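Engineer: Could you build the full structure based on these sequences and the hints that come with them?
Protein sequence lines correspond, in order, to chains G, F, R, E and S. 2 is the number of the first residue of the first sequence in the working numbering; add one for each residue after it. 357 is the number of the first residue of the second sequence in the working numbering; add one for each residue after it. 37 is the number of the first residue of the third sequence in the working numbering; add one for each residue after it. 883 is the number of the first residue of the fourth sequence in the working numbering; add one for each residue after it. 268 is the number of the first residue of the fifth sequence in the working numbering; add one for each residue after it.
Note that these hints are calculated values from the structure, not bench results. Predicted model only: the values in this text are computed from it and were never measured. It cannot be assumed that every hint is accurate.
[Claimed, not checked] The list that follows gives simulated cross-link-like pairs (lysine-lysine, BS3-like), each with its CA atoms no further than 30 Å apart: (1) G:Lys39 <-> F:Lys437; (2) S:Lys381 <-> R:Lys45; (3) E:Lys1071 <-> G:Lys79; (4) E:Lys1035 <-> R:Lys45; (5) S:Lys539 <-> R:Lys173; (6) R:Lys52 <-> S:Lys460; (7) R:Lys64 <-> S:Lys460; (8) S:Lys319 <-> R:Lys348; (9) S:Lys572 <-> R:Lys78; (10) S:Lys588 <-> R:Lys278; (11) R:Lys278 <-> S:Lys572; (12) S:Lys319 <-> R:Lys173; (13) G:Lys79 <-> E:Lys1149; (14) E:Lys889 <-> R:Lys428; (15) S:Lys316 <-> R:Lys114; (16) S:Lys572 <-> R:Lys353; (17) R:Lys102 <-> S:Lys375; (18) S:Lys584 <-> R:Lys351; (19) E:Lys1044 <-> R:Lys505; (20) R:Lys279 <-> S:Lys572; (21) R:Lys52 <-> S:Lys572; (22) G:Lys132 <-> F:Lys396; (23) R:Lys452 <-> R:Lys351; (24) R:Lys114 <-> S:Lys375; (25) F:Lys465 <-> G:Lys165.
Residues per chain are reported as follows:
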Amino acid sequence: MNRRDFLKITGILAIGAASHQTAMILLSSEVKGDQAKKKRWAMAISFSACVKREGCRDCIDNCHLIHNVPEFTDNKDKIQWIWSSHYESVFGEQTNMFTKGMLKNLSILCLCNHCENPPCVKVCPTKATWKNKDGIIMIDYHRCIGCRYCMAACPYDARSFNWKDPKPFIKEINRDFPTRAKGVVEKCNFCEERITQGLLPACVEACPEKALTFGDLNDPESDISRLLKTRFSIQRKPHLGTDPKVFYLF
Amino acid sequence: MKKIILGLILFLLVAFLPLGYNIYTGKKAYIPVIKAPEDKKECVENVFIMRKRHNIVLEKWRDASVRHGIKKYVSLNGTYKISLTGTCLGCHSDKTQFCDRCHDYAGVKPRCWDCHNIPDKVAEK
Amino acid sequence: MEKPDEMKKAIDLTPKKGDWMTPEVELKKGTYCYGAPLKHQKYLELPNQREWQPHDVDWKLPENWKDIILDGMAKLLKKNRAFKLFMDICVRCGACADKCHFFIGSGDPKNMPVVRAELLRSVYRRYFTIHGRILGKLAGARDLTVDVLKEWFYYFYQCTECRRCSVFCPYGIDTCEITMMARELLNLVGCNIQWVVEPASNCFRTGNHLGVPPHAFKETLGFALDEIRDLTGINVEAPINKKGAEVLFIAPSADYFASPHWYTLLGYLMLFHEIGLDYTWSAYASEGGNFGLFHSAELAKRLNAKIYAEAKRLKVKWILGGECGHMWRVIHQYMDTFNGPADFLEVPVSPVTGTKFEHAKSTKMIHIAEFTADLIRHNKLNLDKSRNDNWKITFHDSCNPARSMGLLEEPRYIIKNTCNHFYEMPENTIREKTFCCGSGAGLGADENLEMRLKGGMPRAMAVKYVKEKYGVNMLACMCAIDKAALPPLLDYWVSGVDVCGVHELVGNALVMKGEKKRETNLRGEPIKGDSKDTK
Amino acid sequence: MIEKAFKGTIGYWLWLCFLSALALAGFISYLRQLDIGLGITGMGRDVSWGLYIANFTFFVGIAASSVVVVLPYYLHDYKKFGDIIILGEFLAVSSVVVTILFILVDLGVPSRVLNVLIYPSPSSLLFWDMVVLTGYLILNIVIGWWSFDAKVKEIEPPIWIKPLVYISIPWAISIHTVTAFIYSGLSAKPLWHTALLAPRFLASAFASGPSVLIVLCFIIRRWFGFNIERDVIKKIAIIVTYALSIHIFFMLAEIYTVLYSDLPSHKSHFEFLFLGVPGNRFLIPWTWGSTVGAIIAFVLFLISHKKNDSLVIFASIITVVSIWLEKGFCLIIGGFVPTPFEEYPKYVPTIFELFITLGIYAAGGLILTILYKTVVSFRQSK
Amino acid sequence: MKIILPFFTVVLIACLVYGGTRYLEGHILFGIIVPYICFALAIVGFVVKIVKWAVSPVPFNITTVCGQQKSLNFLRHSPIESPASRCGVFFRMLFEVLFFRSLLRNEKVELYGKERRLIYGSDRYLWIFAILFHWSMLIILLRHLKLFLEPIPYWIIMLQNLDGIFQSHIPPVYISNVLVSIGLVFLFLRRLKRRVMYISLPSDFFVLFLIGGVILSGMLLRYVYRADILLVKAFLFGLIYLNPVPYTGFGTMFYIHLCFISVLIAYLPYSKLMHMAGVFLSPTRNLRNDSRARRHINPWDYPVKEHTYEEWEEEFKDALKEADIPLDSENKG
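Structural biologist: Below is the structure:
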């Protein structure tokens, strides 16, 4: 649905109002949105910078705090938007006998890869998850029926399901961001609500070592474009052809 | 014959039960008073529309914001940020005095509050 | 008359365009009954006595016939809630339409029970409701005219009061009740039929429909006793008007005059002898059937009064009733109300088995099928099923015992214990969904044969079905009118299937103490089957 | 006709009561699940589909299998299946209802289920599954009921039944194919990601479904006097035998491909299923049980034609259990374990989950009983 | 004619209300006066009709028996189809009223094929759609109670939430609304069949159209031309406590809905819609089949002219003597 169609629909509202007609217009945040070049948001995570602080969880905490991500005690109910895991688990297929020793216990930050070719979007039976024009994989929590097909389809385990009502498990509610109800799938949204306001994603902002770089791949002058042009990077499971938008730098 | 008349009376009693019920609860003349924000004159739309159609406006807001990335709403009354917690409850800061009163009266239980938060200042009360 | 195939082909269950509002009726010969003879009208002191026939142009109605009917209607509405209710609540859903045997058989749309009732309802609306008075035809209201009256006559004497439609009606509207009311009204202006009034008058005078005087009655019973003696070598008695007997036995009079009823009578007599029942016939109340029911409640009561009066006079303990249809409607649903309470009688107890028939504790009259089934259950009868091996039997539930009494299992129990080959007809045509023979409620007149054959078609088709499927050649039933009406009906539609009473089967199967070897069944036909082979 | 289902012996009513009680228990458990959320089940972030989807998969197979009696009757004019065809169709009807119920209870927000219709998404196999399953349900109800009705009335079935029957044959294949495609289209799950999945599903369906039918035939023959010819049952047993052999062959082909190619991401699932990993050997008995069971059942079927009925019944039951374990339970769980992070989480259904599952079985059983009772009573009244 | 006239009557009502409220300031007439008059007509008519039914006695026990009677204890009695006890009657009525038991029996007769064989097939469409229609109507009625009760009882909210359980749109589409429409459309379509058309009266169509009008205007009111529900409830409270407040801001659709309902309830007692009360009173269903065990009293019973034994004996004296049948008169003498 493009914006023109949308205006038409909202126009119907006014007709229904019969005697109290009024114009209603919905505007996009970017006024010049259509003219501006499409964004391709991406993130680069630097191994070397990330390991500098032992046990640092600033990015995770900040993200989970801002997005009201609950902390379940039971592992099977766990919901995570961004988390860390061992190198062998994350890059299992890029492990050899030497890396096993060298990179042992190296924590790798994981989050939704916002794939260019997302398997989760394809399988959704209600279009509750989709790729928006900036390449971010979105979830409409109002539409999700909780079939969890997308979870099965995601090769990165990036999606979590609300097995129970999350509210009691949220330590401190951030009232500017909605919580979720039980029964829907959720995941990292690349801080879509922040970047439309011109802010950086919560995790990027929180990192004391500036290990995370976020920016527009379509802009050759952006930090991230420059970084990826100059440094060696890998993606998770590239052989699956999903083309992740999260890059790992050496 | 007696049974039928009895049944008829019973039926009429049941049919007129609502009358008694409201007298019993003492709400026979109750009409909820909705506390409009004192500092604001107009809502995002004309008040007549808002009274009848705020739910539909909100639904459109929801779809616009979530699915189409549209974050601003322009009406004759001005331009507004699309946000239930931020914009609506920003003015109608007291949900119990505003939303709930009428929703209870009309027997409507919207699910918005399952996820969307009541702003800090109300929740703190 | 047409051939069966042609008659069937002519049926169209989808009515022509239009509706039933225009009163018009063509009295086609063969589809209506003749008017009652003056003599019998006089004897019963009926209103508007005159010689008349339905096909006369002038029905010789009294001058104020309209007022009489409307007055009568007002009175009936006050007297009978069912009537009033059934006038008001029909929604014309049409569920009853194809449940009526006359509609199925004739395709005449006015034979749909709903329309039959609407014929009366339209007049009710016109004169007794506000909207009918104001809106007239729009509200489905019609003026009462001679044509309407003729239509009433035609169609309410085309309803056998079988109550099948009532089973299917979501509000329990009973066309039987409506027909009864309509006939009450018709009788107020003297529009009644010979086949109802004559038997009623005879019954009122002599005690039975045929007008048989007491000595002739005794004589026929005597013939029956002779036949039994020839068949079994046993001397059976048939006491008449015996005071102080334990049981008064009342059967429809057809049982001792008509065939195949006759063999049922033999069955009764043999059974009573075999168990040594202390009972009596009555010459005064020698009729169970009650044609008054097809005329008016009052006449039904007048005829019925004899039974209790006779029971009281003879000082019996309780009453046993024979195989009959509408007789049992009256006894089960009306007799106690009409002429009760029967506090001079005792709750029926079977002298053989000791079973107390609690379900008849007020009326004190039980059905012979109940009595016999109980005997069989207690092993009091020595039955040789193979004596009925000549026949493959099916059972026709008579409308009244089925739908007004619930007498469904007793006859089946007896049949299953007296014969080896029993087959049910399709289930949509038995038990509470049983189809009428087409001749009930006083419509069994010969001049009405075409309509009777049409109305009996569904029943006949069900018989045909079991005949073709299982080779059924005998239709058992428990109603005097069935026994009279079904043989010509089956002759016409099926052929090769005979009709018998349930107690004929009992009589055949009953091995009596001291009897001689039976060579033939009650009909004098040689017995096939095993018992003969073992001779 | 259906009113026949409401007249029966005390034993029959007890059976109905028993099923209703189970269904009620399941319903109450489901209310609890609605209240608390799917967290009440054993499923979790790693094994996010469990018993429900396993059963769904299995019963789609049962539903699809009615085609093996329909096909010989209509296409090859094998008249002996005339009696059993209605049983097959009614089995399909109740199985489809069961599958739909299993999908429903597996949803996080069941009240939004209409979204599937409101926002149709042809790219999603779940959408197509809904289409084919509802279509199949309607087809079977219509075909089953109308041909049964015609039989009761002793008339020719309406002419439009035949084309519907011909449509229903590929349709039956399609429901199980689409169900297989739900899984085999996912590159994230190596165990499922095989083109052989759909054929395997069909082969196992044509073994398990007719086996259920055989057991049901014996039951109604034993308790309801509905005499189904031995020939007919034998014929079905032959179909099962062949289907089983193909099923076993496919399974071996799959194992060969994985083991010989030695691709770690694929192999790890099979290793988990057949050998387990330290700390999680939960599925080993089930996997082996189902595999060995299938082979035993095959052998039993092969020799059964000379032996008595009980052998056939026994073999049928083994087949059903084996395939339930293989296609349902092990396949679904095994697909999720190991996780993309190479973890080996445990999945054990909770008591609520079991009750809900049993409740759905009971609901299916109720429908099946009522439909079969109608058929059987009709036969008895003849 | 049967269809067109009732249809235009209903349209006319709508037009009157539309014109009256839109152009003629008839809010008081259509919002207050008409509902009051109609309600009064409804209550009076209803009571009068029931009382009229009630004062007519049931002279005879005329149960329509649909199952085995209670007689010999070794035969399986059918306690509901042939009720011998109050309890049985209760259940019979329960099944009749709640589940339309009799209609469920419905079957269709056909003359099949060339040989015109009579065949019977079950025909439950009418039952299914009647059930859909009536139950949905009941639920809709109960849901509307929320407009007359304050505070709203929990069960009504529950019912409403269940009814609107499928979250598809805002406001959610009620299941009952969909089902009632399906039911009504079917009931209308089957009236068009030749045989049902033959028995239909204009009033049958009028009721269908009127109820259709109520449903349609109600749904429009909910989904398109919304009214301020707070005002609606306050207005209705004013009406029921005889303190009507002539609000004007409802929009025409509200008045159309209100007037349709008013006409419907006013029409109810004078029409076949009284089947809703009549079904309880039907003597063929609500009586026990125990007329031989318990005497049913006919209140207007009167003595009739009988042919007594004495008269009979007198008449047939000779014949009786000839047949050797004992005579009462001689024995006494």
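Engineer: Now look at each hint and say whether the structure bears it out.
Structural biologist: Against the structure, the hints come out as follows:
no. : hint                   : verdict
1   : G:Lys39 <-> F:Lys437   : holds (23 Å)
2   : S:Lys381 <-> R:Lys45   : holds (9 Å)
3   : E:Lys1071 <-> G:Lys79  : holds (21 Å)
4   : E:Lys1035 <-> R:Lys45  : holds (20 Å)
5   : S:Lys539 <-> R:Lys173  : holds (16 Å)
6   : R:Lys52 <-> S:Lys460   : holds (12 Å)
7   : R:Lys64 <-> S:Lys460   : holds (29 Å)
8   : S:Lys319 <-> R:Lys348  : violated (40 Å)
9   : S:Lys572 <-> R:Lys78   : holds (14 Å)
10  : S:Lys588 <-> R:Lys278  : holds (15 Å)
11  : R:Lys278 <-> S:Lys572  : holds (26 Å)
12  : S:Lys319 <-> R:Lys173  : holds (24 Å)
13  : G:Lys79 <-> E:Lys1149  : holds (28 Å)
14  : E:Lys889 <-> R:Lys428  : holds (27 Å)
15  : S:Lys316 <-> R:Lys114  : holds (13 Å)
16  : S:Lys572 <-> R:Lys353  : holds (26 Å)
17  : R:Lys102 <-> S:Lys375  : violated (39 Å)
18  : S:Lys584 <-> R:Lys351  : holds (21 Å)
19  : E:Lys1044 <-> R:Lys505 : holds (28 Å)
20  : R:Lys279 <-> S:Lys572  : holds (25 Å)
21  : R:Lys52 <-> S:Lys572   : violated (48 Å)
22  : G:Lys132 <-> F:Lys396  : violated (39 Å)
23  : R:Lys452 <-> R:Lys351  : violated (36 Å)
24  : R:Lys114 <-> S:Lys375  : violated (36 Å)
25  : F:Lys465 <-> G:Lys165  : holds (21 Å)
The structure fails hints 8, 17, 21, 22, 23, 24 (numbered hints given earlier, in ascending order).
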